[in-house]
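Peer 1: Spelled out, the chains give:
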Amino acid sequence: MLGYITRRILVMVPTLIAISVITFVIIQLPPGDYLSTMLAELQSQGEKVDPARIEALKIQYGLDKTMVEQYFLWAFGLLHGDFGFSFEYQLPVTDVVGDRVFLTVVLNFSTIVFIWLISFPIGIYSATRQYSIGDYGLTFIGFIGLATPNFLLALVLLYFANVWFGTSIGGLMDPSYIDKPWTFDKIVSVLEHLWVPVVVIGTSGTAAMIRRLRANLLDELQKQYYVTAKAKGLGPFRALIKYPLRMSLNPFVADIGNMLPQVISGSAVVSMVLSLPTTGPMLIEALRSQDMYLAGSFLMFLAMLTVFGMFISDLALAWLDPRIRLGGGANR
Amino acid sequence: MRGDRVSPLLQVRDLKIGFDLPEGHLLAVDGASFQIGHGATVALVGESGSGKTVVSQAIMGLLPKPAHILGGQIFLADPAGPGIRIDIARLPPGGREMRQIRGGQISIIFQEPMTSLSPLHTIGDQIGEALSLHRDVDGAQARELTRDMLRMVGFPDPEKALTTYPFELSGGLRQRAMISMALICRPALLVADEPTTALDVTIQAQILKLIKDLQSELGMAVLMITHDLGVVANMAEEVVVMYRGRVMESGSVEDIFRNPEHPYLKALMTAVPRFNMGTEERLVPLRDIEYETGHLLAPRADAAAMPEALKDKPILEVSGLSKSFADRRSGWLSGKPSSVLVLDDVSFAIRPGECLGLVGESGCGKTTLSKVVMRALSADAGSVTYTDEEGETDVLALNGDDLTEFRQKVQFVFQDPFSSLNPRMTVFDLISEPLLIHNIGDDAWRREMVSELMRLVGLDIRHLRRYPHSFSGGQRQRIGIARALALKPKLLICDEPVSALDVSIQAQVLNLLKDLKQELNLTYMFITHNLAVVDYIADRIAVMCAGRLVELATRDELFANPVHPYTKALLAAVPDPDLDNPLDFNAVMGGRRSVPSEWPAPFTVDDEHHPHLIDIGDEHMVRADERALSLKLAS
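Keeping their order, the protein sequence lines are chains A and B. Counting in the working numbering, the first sequence runs from 1 upward without gaps. Counting in the working numbering, the second sequence runs from 1001 upward without gaps.
Read the hints as simulated data drawn from the structure, not as lab findings. Some hints here could point you the wrong way.
To be verified - Partner residues aside, some chain A positions facing chain B, computed with beta carbon under 10 Å:
(1) ARG211
(2) GLN224
(3) ALA229
(4) ALA231
(5) LEU234
(6) PRO236
(7) MET247
(8) PRO251
(9) ARG288
Note that the coordinates shown come from a computational prediction; the quantities given were computed from them, not determined experimentally. Idealized CB from N, CA, C, for every residue including glycine.
With the sequences and hints as input, model every part of the structure.
Peer 2: This is the structure:
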């Protein structure tokens, strides 16, 4: 097992290096760079720009170097925790991102918990009472959740949160707490605001999750070992939890690796509508203005989450399923 | 403890069970009545769909959702006191009372030991769970009792077995684990639903012996559900024959086997391949199939005659074939790669027009061998030579177009008729696909060929537009045969073509294969684990064990005069549906006969001994050390 973990970690290193190269190249692919984009913008506004100043800026930002040199500077910085300098904000990337990463993690972690809490009981109910009125009803509600555009639901919920609870519109906290140190009141304010995006982002995920859990569980409920468990005299609920449910967990655990980056980038549109201080909107903005170090750092962050998430889900799978843990070389 | 001995342990009276299906109402069990005495063994016999499994589910209170008990009673003698009976049919299936009976007083073991145990929980956990549900024991005691039970069912290392997972065990050991789970609470009745159908013959004999031993040790009754009359003859005291939900006949095993009364039972008896059948004797299927050959398939009269030089050559000659699989466990960072030898120096020949039976237990390499001959796998060493009127072909050296050309001559019939047909293709598409691939004929010709093939295997040509799911297992297997014959092959490799089929259907398909061989002048390589089936269909039989051919002889010679210990063990383990020829349970060894290094002196295969196939006369070949064997035979 220890050997397996070491091996997995060793494999992660070349993967991340490859990702960093690809990320960097793709960001550089569009013609021009941040300065030429800025130049074009200024010129379209009819402003004169001094070529000497541009040249000086180029040298200052290292844009005069070749792409390979630029990559190594950036990659070397990454290893030291220096994510580069954001052109747009005129600040180091670390300072720009700051709290946003933390809030993003809080938001998305809550969303995942929300999805699991809602979809598991409903999925189990739907599977065990297949084709009942309850199954159809919940399926219907799930599909509505899936079909409703996120931003619409977001606006509706924001309105009612404001009318009924007096929560301020948008953001993840009351405006008065922004850029203030963390206090108890600030946490309460975050919690007050958090539920709207969690519900909005969660609904579509929940519907998909319910359908998948229902399908997985229906397959497992047909299996012989479930009959065996009941034949022992085990109560229906305990038999269900111990055998088929446990079996149907595998696909979900295997999915953790995908889920992490998906929730983080997938919530960008909702975050823009709700003007949440998360990473999604910032990434979109950075990509648009070719703010390459900011965008690159974001993409690297997502890639690391994916690779790390995969690692976690592999470990969890091995822990959960002895066939993966012990059956490596099973020959039949 | 067991109540009075006079009243039966379980009495099923006029049981009616119906299924509410979308297609309508189905009466699966229609007034079944029988009883099981204390400590008795009753066999419930019937083909699939006869309702025998539904009866067992009703007894366990485990009927599937659409099924309902419509009438009748299932009385179980209450161990609490004599004369008290519980009607299981009236108990709510999920209720506490029924749960106490389930696993406590009635237990069940199933056909497929792999799927009936949870792969995620250890054996010890799953067995101990049954114990803790019905007996008031703490963890340490449960562990102790579980270990004792595992020792009782023959686990070599019970302590270690507690923490192993089902997938780490062989099929036989899994079934043993299943049995120990069923018996840990010492039930009064064990329902065994086809307990040995999925196992190899040698393992089957061991499991049957185990059930018999435990039965007398624990004094329990057994309800044996099976379609295998050989198992019935060797295990049961009483037999209940079911057909379409009704009990056709019941009585003692003597009555049933010596004077079968009901036509269905008589038909069933003649449909099963048995040993000692006459050479000309045919199986009589319950429902015969009509078929006809057409002009497209008839052997060509103008076919080139065999050149004189090749007259005596076998159609397929395999010599010195070896193959090993790399073990996945040896990763790229850990040590040197290890490998498993699956074929070791396999040599044999098939003559034109004969049927060579290849027998062996699962994992002995017989399917690998067939795949190498088909060029689906490569061989490490050895050669395969195919000979017909066009000359000799070195099969393993074929490439590109030559290989495609060669594929027309050798075709394959698969074991599983369900997964070997693409469910999204119509029967017409399935059968005509080989013709399309090899670009044979135009559309009209293909259409005619396909309908001829359909008639050849006795299927209605009006069904050409249907999909495989609307056919029964036997019909699907016939579609598979038609597909294999579409290219007019000369050699047909049949890999367990009847082992997934019901007894009654088996006879149909076997007869069909036998007739087609005559009509179309085919040569068969027939792979199976069922000795009675090869006995019926094969001319010569090759016995395989652990990747080696151990004995090769004509059918009569092999059955009359087996030489190799493995062949002997194999023959001794087959339950014959004949009361005068019972299985010798004492001769059943603990699985040692399939380990080459355990074979006695002239036959031993290990690091120092590498015996080859030697001829001992009358085309009888056996793998043994030549000098030692001649000494042994002489003495």
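Peer 1: Against each hint, give a clear statement of whether it holds in the structure.
Peer 2: Comparing the hints with the structure gives:
no. : hint   : verdict
1   : ARG211 : 21 Å, violated
2   : GLN224 : 4 Å, holds
3   : ALA229 : 7 Å, holds
4   : ALA231 : 5 Å, holds
5   : LEU234 : 6 Å, holds
6   : PRO236 : 5 Å, holds
7   : MET247 : 6 Å, holds
8   : PRO251 : 14 Å, violated
9   : ARG288 : 43 Å, violated
Hint compliance for this structure: hints 1, 8 and 9 are broken, all remaining hints hold.
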